[in-house]
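Novice: Residues per chain, in single letters:
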Amino acid sequence: MIEVSNVSKSFGAVKAVQNISFTMNDGEITGLLGPNGAGKTTTLRMLYSLLPPDEGTIRIDGLDPIDNAMDIKRTLGVVPDGRGLYKRLTARENIAYYGELHGMSKALIRERTDELASTLNMEDFIDRRTDGFSQGQQVKVAIARAMVHGPQTVMMDEPSNGLDVMTTRALRHYILDLKAQGHSVVLSTHIMQEVAALCDRIIIISAGRIAADGTPAELCERSGKASIEDAFVALIGSDEGLLA
Amino acid sequence: MSGLGKVFKKEVIENLRDRRAAFNSLLLGPLLFPFLIIGMSYLSLSTQEERAEATIELPVVGAEYAPNLLRYLEQQGVVIMPPPDDPEGTVRTQENPVVLRIPAAFPEQWRAGQPAVVEVIADPSRRESNIPMGRVRMMLAGYGQQIGSQRLQLRGVAPALASPLVPKDVDLSTPQSRGALAMIFLPYFLMITAFAGGMHLAIDSTAGEKERRSLEPLLLNPVPRWQIMSGKMLATAGFAMASLMLTLLSFRLALPYMPSGALGFELELGPAMIGKLLLVVGPVAILAAALLTLLATFAKGFREAQSYMGLVIFIPMIPSLIFMTNPMKPEAWMMFIPMFSQNLLIAEFLRGEVVPNAWLLISSGGTLLLGVILATIAATLFNRPKVIFGGS
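Residue numbers (my numbering), protein chains in the order written: chain Z, 1 to 244; chain E, 1001 to 1392.
Hints should not be assumed to be uniformly reliable.
To be verified - Capping the alpha-carbon separation at 16 Å, the derived lysine to aspartate or glutamate pairs in EDC-like fashion look like this:
1. Z/K87 x E/D1018
2. Z/K15 x Z/E55
3. Z/K87 x Z/D127
4. Z/K87 x Z/D131
5. E/K1009 x Z/E93
6. Z/K106 x Z/E93
7. E/K1276 x E/E1353
8. E/K1329 x E/E1353
9. Z/K87 x E/E1211
None of these hints come from the bench; they were simulated from the model.
Assemble the whole structure, with the sequences as input and the hints as a guide.
Specialist: If you want it as structure tokens, here you go:
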């Protein structure tokens, strides 16, 4: 359960996020949607405690990301946009490094890694160095790394960037599985089909403000459009960002 | 194992796997420096011997004014050459290292028993002409003394009366302290190694991590940022220490191949000495790790960080160069100067001197303190969003 109320964040004169409020429920997939530069990444960074908000409060399962940074980090799994794997380590070592930093035992890390390798279908390359991995392989390692400590809340930034159709489908199944297991999933994306196929709730951010917040059906209804894509354009008032 | 230890382990493993970088940081210096020292001492030794033994070909202007002097020079093995048209010019162009000129007034002064002037034309700023010039002056002085003694004897005076003072050198340098002269470069190499050994890792683990975009997810782990930063700094210091140890070992293995003329005795570089040297240089490795990490963390990427490092490598060179060009007597207050004090201490150890323990404490303590201050600043850098995200 994530509760954000009246949060603002500026970088110098740039107001990245202004007075946003929303809630994300457990067992739901929430889509964070918005054009480039709208404040999605800033919002995520505040949620996962790397950036302190200037104003307002954030609570994740009742905890403040700044005061309880260490506890929040234990309950979060993050797949960042950049992936950020270590090329000279194998996939297994990349995953184990994060497991160790979470204070897990070697045996537990091994067990979890084998489990994730089988779920994400990565047995073929789990013991290879990640240098030269395809985009799909990289995302899988990044997901396994984020999930190794069994976090309650999972945040993914543009997870299907650069993936082929088959990998994207597998990824969507995996995200739906996470939801079925009771995790809350936050998806930051600008791929409309993904949003339509996965999300229970959509929060649209535009120019640092919440432009809309509701289920896909509600958003379509409110904007009087048939598809999410048209609803999105109508709600933010331009088609900027859709080409990115 | 705490988060610090895990970060340390991962950085060491990852950087050892980067073969080229590991070779450059750990092995290049240790392989190169002994060769450099051995090669240089062979070269300087052989050119010195060559010049000291080579036949001197001496152009003489005004040879007709002093035939006896020339005969004496020829007896000493000098080959007298005909005078060039422009003696000064040929010395300037290095055609001749030395030219002797006997002025027309020479015979008259000689007969009158006055000091007769002969001109030795040379350019002492050309270091390679110093040896032939010195040999010519020695021969002239020898001739002068011989004639002076004969003149006194002719007048019934004991020549010894003209030499009231005889300075005699009593050489107190031990074989070990003479060897330290040849090893003057060792402190310099050790200082550079303390910096160069960890340089790549310092960049890779901070600016490199930022560039690969792995820093942001790393900081999402429940480990305090100062521990992550300290783990990286310790890995940097560890690489520097490993490189220092290998450098000393390779010096030890190379010692028997030093030209005997340069050392002429055994310089003691046993395990005890290596241990002592590592103890003295160790704090510099930690100071270097903190400074390098601090700077590399400011950089947005690998290349920017590398461009800082070109300048940073001058920092350990400056105290070493001051020490090399101005040898000075070590005093307690100098021990407060990081990097300079280590130069002095290493030189004292190599000379086989006993150094007060207080000096060691001040030197290591002062350097460590500065290192810890820099490390503390570096450790807080990861708390700044700009540093983490690189302004993106």
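Novice: Determine for every hint whether it applies to the structure shown.
Specialist: Consistency of the hints with the structure:
For a cut-off of 16 Å, the pair hint linking Z/K87 to E/D1018 stands: about 10 Å separates their Cα positions. For a cut-off of 16 Å, the pair hint linking Z/K15 to Z/E55 stands: about 12 Å separates their Cα positions. A hinted pair counts as satisfied when its Cα atoms are at most 16 Å apart, and Z/K87 with Z/D127 qualifies at roughly 12 Å. As the CA atoms of Z/K87 and Z/D131 are separated by approximately 4 Å, the hinted pair is consistent with the 16 Å bound.
At most 16 Å may separate the alpha-carbon atoms for a hinted pair to count; E/K1009 and Z/E93 meet this at roughly 12 Å. Simply put, Z/K106 and Z/E93 have alpha-carbon atoms about 11 Å apart, close enough for the 16 Å limit, and the pair holds. Annotation: proposed proximity of E/K1276 to E/E1353 holds, straight-line Cα distance about 13 Å (limit 16 Å). Pair hint E/K1329 plus E/E1353 holds up; C-alpha atoms about 12 Å apart against a cutoff of 16 Å.
Between the alpha carbons of Z/K87 and E/E1211 the distance comes to roughly 13 Å, so the proposed pair stays at or under 16 Å and holds.
Taken one by one, the earlier hints all hold for this structure without exception.
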